[in-house]
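K.L.:
Construct the entire structure; sequences and hints are all you get.
Protein chains in written order, with this note's numbering: chain W, 2 to 373; chain Z, 376 to 422; chain X, 278 to 673.
It is possible that part of the hints are untrue.
[Claimed, not checked] Computed from the model, here is a short list of chain W residues facing chain X with C-beta under 8 Å: (1) A119; (2) S122; (3) F125; (4) K127; (5) V145; (6) P155; (7) N157; (8) A160; (9) Y163; (10) L167; (11) P169; (12) L261; (13) V273.
[Unchecked claim] To list a few chain X residues with every Cβ distance to chain Z over 12 Å, as calculated: (14) I301; (15) T331; (16) F387; (17) P667; (18) F669.
[To be verified] A few chain Z residues that don't get close to chain X, going by computed Cβ distances all over 10 Å: (19) N381; (20) T382; (21) Q384.
No lab work stands behind these hints: they were computed from the structure.
The model shown is predicted, which means the values in this text are computed figures rather than measured ones.
We treat Cβ as the ideally placed atom computed from N, Cα and C, and that holds for glycine.
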Amino acid sequence: MGITRRQFFGWMGAAVGSQMAFTAQAKAAGTAHFTGYPGSMGVLHDISRCIGCRKCEAACNQVNHLPAPETPFDDRAVLEKIRRPHAAAFTVVNQYKPKGKPGPVFVKTQCNHCMEPACVSACFVKALTKSKTGAVVYDASLCVGCRYCMVACPFNIPAFQYHNPLTPEITKCTLCQPRIQKGLRPGCVEACPQEALTFGKREELIKIAKQRIGAYPERYEDHIYGENEMGGCNWLYISNTPFTGINMREDLGITPAPALTAGALAAVPVVVSLWVVFINGLRAISKRKEQIATEEKSQAVSAAVLSEQARFNNEIKQLKEKAKTEKEAAITREVKKALEAAARGPSENGAGQTPPSPKPSGTAHPEKQENN
Amino acid sequence: METDFNTLQEFLTHTKGIAYLLIGVALVALPLFWRFITGRDGKKQTF
Amino acid sequence: MEHLTPTPPALTTGRDTVFTPFNIVSGIIILIGCVITVLRFTRGIGGVSNLNDTNPWGLWIGFDLYCGVALAAGGYVTCAACYIFGLKQFRCAVRPAVLTAFLGYGLVVFALNYDVGRPWRLPYPIFLSQGTTSVLFEVALCVFLYLSVLMLEFSPVAFEWLNWKRARYIIGKVSMVLIIFGIILSTLHQSSLGAIFLITPSKLHPLWYSGYLPVYFFISSIFAGMSMVIFEHSLVARFLHDKIDAEHHLESNNVALGFAKSAAFLMAGYIMIQIIGIAIDNDWKYLPTRWGLWYLIEIIGFVAIPAILYAIGVRERNIKLIQRTSLWAVLGIVLNRLNVSLIAFNWQLPLNQRYFPSFMEIMTTIFIVTIGVVIYRFVVTRMPVLYAHPDFPDDH
Ligand code: SF4
Ligand code: SF4
Ligand code: SF4
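P.N.:
This is the structure:
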């Protein structure tokens with residue numbers, strides 16, 4: 002990793018800078034209310050009208066130049082199994098048999114083109130973006146293939162080309178962005194024989210959905226799926242059976258995905274700033290402690306040295322005194338002896354030596370024992 | 376616990392109430408555990 | 278990056294024969310790893326793994342990334358203890374911990390080369406297109422910076438080994454800055470690995486999902502790092518005892534006692550915030566379920582019990598007990614990371630849609646761990662990691 006120091010600090014600066022941007026964003030989110038791109042497009046899927054003919058799947062396959070499926074699109078046996086969008090199919094139609102319904106119910110599944118998409122928020126290279134048209138589009142030239150978008154999507158939509166060894170891509174419905182830009186309707190909408198799919202401005206679609214529910218309250222569930230789910234989607238659903246029974250989760254909540262991580266991301270610059278303060282503070286404290294400890298230690302040592310010195314001097318002094326008195330005593334004794342001998346006569350010779358001088362007992366050098 | 380909440384206020388009143396009780400528990404339990412850990416430390420031990 | 282295949286392990290121990298049991302086993306594993314590497318880059322991720330559209334992340338993320346990063350936390354934890362909290366008696370533990378962290382992060386990035394679709398684009402988020410709203414972006418940036426910091430933190434060892442006195446001197450001058458950088462970066466990405474899952478409230482089981490996820494991950498990374506340091510010391514003392522000098526040996530017991538004490542207390546605090554997390558989200562109703570039982574096994578069996586054993590070990594100055602407990606605590610961290618990233622993730626899906634790693638995925642993970650062990654041995658048998666270099670007796 003050959004980076005120079007300057008580059009390194011440059012990137013560190015970039016990191017801090019980008020994190021400052023998070024705070025600004027988090028602050029903006031405090032009072033601001035975002036309502037999405039005005040006039041963005043969407044599709045309303047009326048589940049009660051769908052007959053499971055899979056014409057939409059065929060059209061999707063065609064307009065997106067996807068590989069031909071193993072079984073033809075008019076083979077209804079496929080419906081026996083629940084499928085999900087995958088690398089070779091951006092959309093799938095599933096059949097459910099919810100309790101309390103005489104016939105089967107068909108549901109078309111594809112990317113919901115969320116208003117505040119989890120996948121876009123999660124992508125760390127901005128390979129996924131929300132476009133003004135309402136479509137959530139993917140740029141394969143940036144994608145690293147980390148698959149965090151797949152983890153993040155609450156609807157389990159993005160798929161991955163697991164069998165492409167070197168250039169795998171994320172695949173998902175594009176809302177036919179290229180066709181929309183040409184003024185055309187999405188392939189599936191155009192192909193649907195039942196008008197189960199309606200393409201239009203999202204605001205209009207919500208009005209239509211409300212009208213249908215209002216006109217036939219006994220037929221429809223009183224819930225426009227996608228109006229508020231995860232902050233709202235550009236793809237909307239109305240149904241004649243509860244959504245939970247047809248594999249559409251109603252417990253996702255209405256918090257837009259970016260809001261879920263905004264708090265943690267906003268904490269990043271705070272942590273950086275405060276940690277620098279804390280760490281330096283702690284270091285100062287521990288340094289001061291160390292200093293005090295060494296000072297105390299040296300004081301203790303010098304005190305010990307001093308007292309030891311004093312003791313030593315004292316001992317020497319005592320010994321000297323002792324020696325002196327002993328010497329004096331010895332001298333007087335000798336003198337006395339000599340005088341006595343002289344008094345007795347010169348017959349005896351040689352005088353006894355003075356008693357051995359006591360050696361100073363080895364000054365204490367207490368061995369320090371580490372008991373650790 | 377099986378209580379149903381209709382407002383965020385109700386939910387928070389309930390959960391924060393419990394959280395405050397738990398803080399009390401923590402304030403008692405954690406120092407006790409610390410005393411247990413360090414209970415047999417010699418006076419010299421400094422870490 | 279198929280070219281990243283490592284050199285075979287033979288000749289790495291410098292003993293009389295290269296056919297020691299260790300070399301033979303690791304050689305075989307590395308051979309298998311090379312085969313899988315070829316398969317991965319010819320058949321695709323789907324050709325070697327059980328990953329699918331609904332379970333996009335598997336063992337390579339759950340173990341190699343999540344557990345790898347958590348267990349490499351010993352580096353910043355030991356640096357912080359020694360240089361920030363001023364516990365100088367931990368100094369002998371710094372080098373081995375930094376080496377483990379460096380290796381750990383290196384292998385995390387190596388493992389990512391298998392998992393992501395186009396590994397040569399891994400620098401994209403940092404240099405080409407910054408997806409700043411993504412938690413993963415923050416993780417990528419921090420891991421990249423931290424790996425660079427770790428390399429610099431570890432470089433004195435290599436310089437001493439090569440006897441480049443000048444380089445060693447220069448790097449010694451900035452070591453404190455590096456350490457502070459390292460601690461900040463670690464705090465950020467350790468917690469952000471938890472924050473990654475904040476975006477999936479509908480997929481992660483409520484007992485594991487919490488607004489506190491980043492805090493949980495940060496706190497648990499600290500005691501994970503400590504446990505890993507203790508565990509590593511016990512392994513080194515057992516298998517590489519001839520590489521340790523007397524000072525390191527004496528102090529490793531102090532380190533074990535000190536870290537066990539802090540880990541025990543942190544684990545108690547961690548349990549407390551876990552309970553508070555349940556209270557805040559009102560998740561009590563999940564406790565008397567099977568998932569609740571699994572959660573309690575993790576929290577009581579792999580956090581509370583090791584915490585108590587650490588505490589007893591510290592009270593009784595029982596190094597053996599502390600070392601055994603450290604393995605237990607390490608397993609607890611592995612369990613937690615796997616729970617969050619794999620086991621409790623997608624918990625609502627029926628069993629036939631759940632993920633279980635394939636043989637080749639497991640072998641890849643074993644292969645990567647083996648590379649780590651081989652390099653660790655190579656380094657500590659040659660460089661002044663576990664002993665002080667005679668020419669550079671003091672670290673700073
Ligand atoms: S449905 Fe999923 S893939 Fe589609 S925009 Fe929403 S989060 Fe993204
Ligand atoms: S897989 Fe591609 S599109 Fe999805 S999050 Fe990763 S880089 Fe972005
Ligand atoms: S084409 Fe229309 S009716 Fe046929 S399956 Fe698709 S949405 Fe349903």
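K.L.:
Of the hints stated earlier, which fail here?
P.N.:
Checked against the structure, no hint fails, so every one of them is satisfied.
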